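Participant: Here are the chains, one letter per residue:
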Amino acid sequence: MELIFSKSKQGKRGIKFPRVDVPVEVKIEPKYKREKLAELPSVSEPEVVRHFTNLSKKNFDVDSHFYPLGSCTMKYNPKITEKLASLEGFASLHPLDPQLIMGGMLTQGALEVISNLEALLCEITGMDAFTTQPMAGAHGELTGIMLIAAYHRNKGNKKKYVLIPDSGHGTNPATAAIAGYEVKTVPSDENGVMDLNEFKEALTSEVAAVMLTCPNTLGIFNPHIKKITDAAHKVGALMYYDGANLNAIMGKVRPGDLGFDVIHLNLHKTFGTPHGGGGPGSGPVGVREELEEFLPVSRVVKRKDGTFALDYEKPLSIGYISQFYGNFGVMLKAYVYILLLGKEGLIKASEIAVLNANYLKVKLKKYLDVPFDKNCLHEFVASVSHQAERGVRAIDVAKALIDKGIHPPTVYFPLIVKEAMMIEPTETESKETLDEFIEVMKELALLAEREPDVFRDFPKTTCVSRLDEVKAAKDMDLACLS
Amino acid sequence: MIPEDLKYTKDHEWVRIEGSEVVIGITDYAQSALGDITFVELPDEGGEVKMSDTFATVESVKAASDIYAPLTGKITAANGALEDTPELINQSPYGDGWICRIAATDASEEKVLLDAAAYGQFLEESKS
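One line per chain: the protein sequences are A and B, in this order. Sequential numbering from 137 applies to the first sequence in the working numbering. Sequential numbering from 7 applies to the second sequence in the working numbering.
None of these hints come from the bench; they were simulated from the model. There's no promise every hint is true.
Stated by the list, open to error - To give an idea of the chain A side of the interface with chain B (calculated C-beta under 10 Å), a few residues:
#	residue
1	Thr321
2	Ser521
3	Ile531
4	Val547
5	Tyr548
6	Arg602
7	Glu605
8	Val606
What the hints assert, rightly or not - Simulated crosslink set (DSS-like; lysine-lysine; CA at most 30 Å straight-line):
#	chain 1	residue 1	chain 2	residue 2
9	A	Lys510	B	Lys133
10	A	Lys336	B	Lys117
11	A	Lys554	B	Lys133
12	B	Lys56	A	Lys320
13	A	Lys296	B	Lys16
14	A	Lys501	B	Lys133
15	A	Lys578	B	Lys133
16	A	Lys296	B	Lys56
17	B	Lys117	A	Lys320
Note that the structure is a prediction, hence the values are computed from the model and not measured. For every residue, glycine included, the Cβ atom is placed at its ideal position computed from N, Cα and C.
With these hints in hand, go ahead and build the complete structure from the sequences.
Facilitator: In structure tokens form, the structure reads like this:
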């Protein structure tokens with residue numbers, strides 16, 4: 137597709153302003169003036185509309201296609217949440233409003249939303265306090281580990297390591313390293329969960345935290361979880377819960393009850409707000425009471441008279457983790473989602489998510505290997521290793537799926553499964569959609585047996601064919617238009 | 007393809023012993039599992055490494071993998087050619103795709119390394 141710049145022709149205009157009939161006097165210091173005119177395309181209004189409408193039709197999104205992208209929880213985003221988040225009273229608030237003198241009175245509704253959402257998230261996860269500031273999951277992780285570091289510093293604890301199982305999300309070790317800790321990786325056992333003996337061996341008094349995803353990226357709930365959290369607390373380590381997979385256990389188990397001390401959630405996964413290019417995200421962080429004083433400022437507090445205010449008087453706070461209060465629009469949508477579903481609805485959502493994943497696993501086992509073949513929770517990891525012997529790898533099956541109108545699952549993750557394909561259907565898909573997916577996988581498995589060579593050319597129906605991933609990773613050209 | 011004259015680790019590195027120095031790289035199995043390699047972070051020449059420490063990183067289109075020092079010693083040379091042409095590891099894992107040379111300080115550590123037959127058996131076992 138052409139860039140809009142190539143449609144540009146001098147003299148074309150979308151809007152023509154009338155000639156100015158009053159004296160113009162704009163004083164801008166020369167140092168602030170641009171040296172040459174901005175490079176903007178000269179195009180008519182219909183050209184602009186057609187360009188962007190056609191561009192948007194090339195989107196591959198959850199509104200138009202099945203999207204079983206493991207560990208991403210690409211569930212349907214209910215449109216009513218969009219409608220309520222765009223209510224004038226919320227959408228046109230300025231983030232500085234509550235900080236102005238008397239501004240708090242104009243923003244009571246928004247502050248109440250933040251406060252109520254924090255309370256609901258506490259109830260769902262079993263934590264004592266939440267901050268909504270982090271902008272996404274990885275940002276929440278960093279906030280969480282910074283809170284743990286602040287806690288240990290305040291106690292005078294000398295801690296050096298963070299333990300992470302080898303099935304953990306790649307962001308976990310990155311987070312721990314950026315927060316100043318050394319990472320120790322703990323291998324998985326034959327059941328696909330963190331090896332308990334190896335864990336106990338690695339767990340010394342120098343361990344600051346253990347970062348766990350539960351259920352993990354294989355969709356398996358760790359049966360030793362209580363033993364793990366107890367052992368960690370015994371040596372003064374804190375337990376961090378990566379909430380990426382919370383969709384599997386909402387209303388069934390609360391991480392706080394399992395012994396986790398800090399947790400991040402992905403509102404854009406579990407609570408149905410858009411992501412994957414359609415974001416932004418939101419990664420609230422919850423803590424136990426002992427860590428509350430370290431949470432980022434400002435905190436939304438409820439006064440005795442029932443009104444809400446912002447509290448900055450938190451001397452032990454780690455400070456601002458982002459500007460203002462986080463992605464307010466996303467919080468608002470998640471708040472609406474939680475209220476819409478209610479307690480029973482959230483429980484049901486988790487149950488159907490787990491049911492859908494198990495249905496796919498059982499049906500797809502005929503065509504794909506499933507290395508850790510247990511009852512899974514919200515997702516499972518299949519392997520294309522059988523097909524790979526004939527030269528058809530996970531990436532080839534993924535590309536073939538695009539031609540079938542299905543977003544490929546996460547591939548090559550977790551690293552402990554060869555030719556991995558991590559499948560997460562979510563609760564919002566019907567049995568008919570799942571059956572269609574099974575049919576497509578069956579067809580591709582047969583094709584891999586009969587004509588493995590054809591896979592090299594997929595996808596064929598997209599606006600660009602197979603991308604050169606090596607070139608994309610090696611010869612990066614990040615320069616802006618000059 | 008597992009050359010007989012090399013030693014191996016269970017992390018899929020190979021070691022060629024050349025007197026007091028050893029040459030290190032990743033095995034054919036490792037490069038094939040990683041897929042197209044796009045970037046190699048080489049160790050600093052002159053740096054000290056301890057056995058099992060991570061001392062280099064190999065990044066492919068699929069994943070970034072740490073490389074563990076198979077032996078303790080001092081890095082005497084790193085294969086600078088990999089900075090511009092990391093695909094040498096895919097094309098020639100046991101030849102031009104070598105990663106670095108180490109002056110090993112503890113000869114007894116070599117006993118822990120696998121020979122070609124043992125590494126081949128290890129690969130077979132991890133397949134099942």
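Participant: Look at each hint and say if it fits the structure.
Facilitator: The hints, checked one at a time:
no., hint, in the structure
1, Thr321, "holds (9 Å)"
2, Ser521, "holds (9 Å)"
3, Ile531, "holds (8 Å)"
4, Val547, "holds (8 Å)"
5, Tyr548, "holds (4 Å)"
6, Arg602, "violated (12 Å)"
7, Glu605, "holds (4 Å)"
8, Val606, "holds (4 Å)"
9, A:Lys510 - B:Lys133, "holds (20 Å)"
10, A:Lys336 - B:Lys117, "holds (28 Å)"
11, A:Lys554 - B:Lys133, "holds (10 Å)"
12, B:Lys56 - A:Lys320, "holds (16 Å)"
13, A:Lys296 - B:Lys16, "holds (27 Å)"
14, A:Lys501 - B:Lys133, "holds (19 Å)"
15, A:Lys578 - B:Lys133, "holds (24 Å)"
16, A:Lys296 - B:Lys56, "holds (19 Å)"
17, B:Lys117 - A:Lys320, "holds (26 Å)"
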